[in-house]
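*Asks:* Spelled out from the first residue to the last, the chains are:
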Amino acid sequence: MALDRRKFLGNTIAVAATLAAPMVKAGSHGKPRVVVVGGGAGGATAARYLAKDSKGALDVTLIEPTRTYYTCFFSNLYLGGVKDISDIGHSYGRLAARGINVVHDWAIGVDRDTKTVSLAGGGAVSYDKLILSPGIDFVDGAVDGWSLETQNAMPHAYKAGSQSELLKAQLTAMPQGGVYAMVAPPNPYRCPPGPYERVSMVAHYLKANNPTAKIIIADPKPKFSKMALFQEGWANHYDGMIDWIGSEFGGDNVSVDAAAMNITIDGEVTKVDVCNVIPAMKAGRIAELAGVTDGNWAPVHAASMSSKADPDVYILGDASSQGDMPKSGFSANSQAKVCANAVRGDLTGSKVFPAKFSNTCWSLIGTNDGVKVGATYKATAEKIAKVDGFISKTGESADIRKATYEESEGWYTGITTDMFS
Amino acid sequence: MIDKLLISLVFSIAICGFDVGATEVGDVSRGLKVFKKCTSCHAISPDARKRVGPALINIVNAPAGQVGEYKYSKALRAAAANGLHWTPEALDLFLKKPKAFLPKTKMSFRGLKKPADRTDVIAYLATFSTVETAAKPGAGFEISADILSIAGDIEYGEYLSSECTTCHQMNGASDAIPNITGWPADDFVTAMHAYREKYRSHPVMQMISGRLSNDEIAALAAYYSSLKK
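Protein chains in written order, with the numbering used here: chain A, 1 to 421; chain B, 1 to 229.
Hints may contain errors.
[Unchecked claim] When the alpha-carbon atoms are kept at most 27 Å apart in a straight line, the in silico DSS-like pairs for lysine-lysine are as follows: (1) B:Lys33 / B:Lys114; (2) B:Lys71 / A:Lys83; (3) A:Lys402 / B:Lys228; (4) B:Lys228 / A:Lys351; (5) A:Lys83 / B:Lys228; (6) A:Lys52 / B:Lys106; (7) A:Lys402 / B:Lys71; (8) A:Lys402 / B:Lys99; (9) B:Lys198 / A:Lys393; (10) A:Lys402 / B:Lys74.
Derived by calculation from the structure, the hints in this document are not laboratory data.
All values reported here derive from a predicted model rather than from experimental measurement.
Turn these sequences into a full structure, and let the hints steer you where they fit.
*Replies:* Structure below.
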């Protein structure tokens, strides 16, 4: 009965969608439908594995607004001049060639009763299983004086693409001896070492082009990811350029003024030339609209990444609240494969294997000075739980650091191939 | 079904073909003859200088990539930074098929197919090496025939491989991260156990292999060896 109703609804809505938005294919062939929202490390990987492994048994739709996707990972290397913007841009052509119905539109609503996703361009897509991988959005009012209206004056550049280009333009336009300020985010947030790799890459650029410039970081946290490694690297490469102000020194008491280009840290006002505000984060808005969030994030079951609010909805990557894994592209890619395996098993009866997760985050501190941190994880009844991990050591030889950086480049090619090919 | 049969056949042949030649004592004078194949690129006398390849003095049991004047490939430098030592076992695998052991190595030599040739040439190289055998980490790493004979579940291996593909590309390309597609099952199993036992030192691989069971390693090996390079 349920299947008949679903089929009926699916057909009606798909026809309506075809009329309103010609890009959306009609799902009249009766295959189970999976809709994936968000074409980043979680969503693109999930769509690709579902299409690849089901060998045509599933109808897979990927909804992603941008035609060229810029990865957040390696976007700091673009800021530092180590990579070009074109190096981190990827298109969806090869996923479409796999038979995935790639729809370039915004998902603006989810009706979990009728199992449909509505699109900004009009129309809707129906699903049997919905995978949400929307990444992050920012918490309103998280930094006093900052809002989405001021994001061009004070860019976050924490979603890669035009924001990254804007921040880079502001960095290169800094006057000699100018000040670059960063407001770092509170936990949990996307890419824990990201803000500090960014500072390293900004310093790398400034050292060559603007050596008397200064960098201030106002940080609401008392410590941060790979802290010893970054601080060692900053002392080695950029001595005296970077001033990190943690919560113990008032870094958690910050406001900004975009019109005056001021930052106030613990009552002290500083005029700055660039102000890179990375506010507190929450799940991408569609997760909230779908009603699967609890607080800022969307809780999931560890074994399949299915929502705790709805067994037919799955949440991947940064938007999910899953336990011990850091919010990273590597994590999202890892979770996507576990999820794809579970979804395919549910819809086609294919064998479902136990969940295994892993993550490694590489960061570049200076030329050929790469470091990494990683861990493996397993699914328990409560959460994704850490099993084992490692971190680069301070004082490693230049050869090891260079090999680590080269390995990160290899990983970049590997993961982007795993997402988009 | 036929696919699976074929693959398990290939798998058992691979096991039978696994040789432990490197642990035997080689014939130095035969090794000198075999080494003639190497002399167009490698010199081997106490005062030897580099040619196309590095001089081969103090190679056996030494850390890889240590001949100062030679500019090694990115692949070898990466392996060296990850702790590769030229133990007789590692040299044996390398010399069998250099491009399989170390994709993108600069060494354009096809390899020594005969186990005896490898054993003998390594014995010959060892006469120019003074590195103490006792100093090498995890000397004598071996895995039992029982482990090598575990039949891997290819379907499970394919699922598990999705964890590998985040870094290791399926299309055979390697870019500081080696290709593992089409690797012989015995080499695959040996390498993974070497990581798990901390004999090979790469931290990511130690971590990944550390929570794989013997059956899971066999499954991965069966899957990867079933793929065409």
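*Asks:* Hint by hint, say whether it matches the structure.
*Replies:* How the hints compare with the structure:
1. B:Lys33 / B:Lys114: Satisfied, since the Cα-Cα distance of roughly 14 Å is no more than 27 Å.
2. B:Lys71 / A:Lys83: Given pair lysine 71 (chain B), lysine 83 (chain A) holds - Cα atoms ~25 Å apart, limit 27 Å.
3. A:Lys402 / B:Lys228: violated (31 Å)
4. B:Lys228 / A:Lys351: The hint holds at about 24 Å.
5. A:Lys83 / B:Lys228: Judged against 27 Å, a Cα distance of about 33 Å means the pair is violated.
6. A:Lys52 / B:Lys106: Status violated; Cα separation ~35 Å.
7. A:Lys402 / B:Lys71: holds (15 Å)
8. A:Lys402 / B:Lys99: holds (22 Å)
9. B:Lys198 / A:Lys393: This hinted pair holds, its Cα atoms lying about 17 Å apart.
10. A:Lys402 / B:Lys74: Holds - the C-alpha atoms of lysine 74 (chain B) and lysine 402 (chain A) are around 10 Å apart, at most 27 Å.
The structure does not agree with the numbered hints 3, 5 and 6 stated previously, though it agrees with the rest.
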